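Asks: All chains, please: the whole structure from these sequences, using the hints.
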Amino acid sequence: QSALTQPASVSASPGQSITISCTGTRSDVGTYNYVSWYQQHPGKAPKLIIYDVNNRPSGVSNRFSGSKSGNTASLTISGLQAEDEADYYCSSYTSSSTIGVFGGGTKLTVL
Amino acid sequence: EVQLVESGGGLVKPGGSLRLSCAASGFTLRSYSMTWVRQAPGKGLEWVSFITSSSGNMYYADSVKGRFTVSRDNTKNSLYLEMNSLRVDDTAVYYCVRDLKGRFYGDVWGQGTTVTVSS
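Sequence order for the protein chains is A and B. Going left to right, the first sequence walks through residues 86 to 196 as this note's numbering numbers them. Going left to right, the second sequence walks through residues 407 to 525 as this note's numbering numbers them.
Hints are not guaranteed to be accurate.
[Unchecked claim] Straight-line C-alpha distance at most 30 Å; calculated DSSO-like pairs for lysine-lysine: (1) 482/B / 507/B; (2) 482/B / 153/A; (3) 153/A / 129/A; (4) 132/A / 482/B; (5) 153/A / 192/A; (6) 419/B / 449/B; (7) 482/B / 192/A; (8) 129/A / 419/B; (9) 153/A / 449/B; (10) 471/B / 129/A; (11) 192/A / 129/A; (12) 132/A / 449/B; (13) 192/A / 132/A; (14) 507/B / 153/A; (15) 132/A / 153/A; (16) 507/B / 192/A; (17) 482/B / 471/B; (18) 507/B / 449/B; (19) 471/B / 449/B; (20) 153/A / 419/B; (21) 132/A / 507/B; (22) 419/B / 471/B; (23) 471/B / 507/B; (24) 482/B / 129/A; (25) 192/A / 449/B.
[Unchecked claim] Facing chain B, from chain A, some residues (calculated, C-beta under 7 Å): (26) 118; (27) 121; (28) 128; (29) 130; (30) 184; (31) 185; (32) 187; (33) 189.
[Unchecked claim] Just the calculated beta-carbon pair ranges, DEER-fashion: (34) 118/A / 419/B: 22 to 28 Å; (35) 168/A / 463/B: 36 to 42 Å; (36) 421/B / 168/A: 41 to 47 Å; (37) 495/B / 168/A: 47 to 53 Å; (38) 413/B / 154/A: 38 to 44 Å; (39) 524/B / 127/A: 20 to 26 Å; (40) 127/A / 490/B: 29 to 35 Å.
No wet-lab data here; the hints were simulated from the structure. Predicted, not measured: the structure shown is a model, and the values here were computed from it. All residues carry an ideal CB built from backbone N, CA and C; glycine is no exception.
Replies: As structure tokens, then:
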């Protein structure tokens, strides 16, 4: 199963906004709205922050938002805070496999 | 409190076997599809296996197909992963994950159990 493509790292200062891209194909992101995003702090289990492209689970800050255009999904974090520093992973259902696919992960550094 | 607790990890030699268990509490396991996700040291996440709520369907990553078997016992609120013919590249933290909508949305994660395959 081919991984979705994410930038290896992004950085920004507190209060700023960032966007992390997640590029797939017509077999996954481009056709299905089954995209999710996860936040993972060092040594911790991942946490679901976005599902169905742009829905937030209960308790997740509205500073996190998701979108999709063509084969690329995006996660936007507004009003960056120090605690947002973490690794972020996208995931999608894919028709080219019976199992889901993750992106390679993006390390967010809050300067 | 909704919780998943994995157990069964450890050190095993290449070619060996392990059985991971996941105990669910705080929710009705039979209402959810469940998955296993792994993370090799310093690497990203990988969906390993998926099992529907009634065990009607099981799916696997190509990397483990034919070697790993996922199962569940809803009466015991438990999920299992039988791992055979283990290889060095199976070394990872294995997470038990509840799937929110059967679309690979992991909304509840265990703390993970470490599997190390080494001679």
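Asks: Check the structure against each numbered hint from earlier and tell me which ones fail, lowest number first.
Replies: 2, 7, 20, 26, 28, 34, 37
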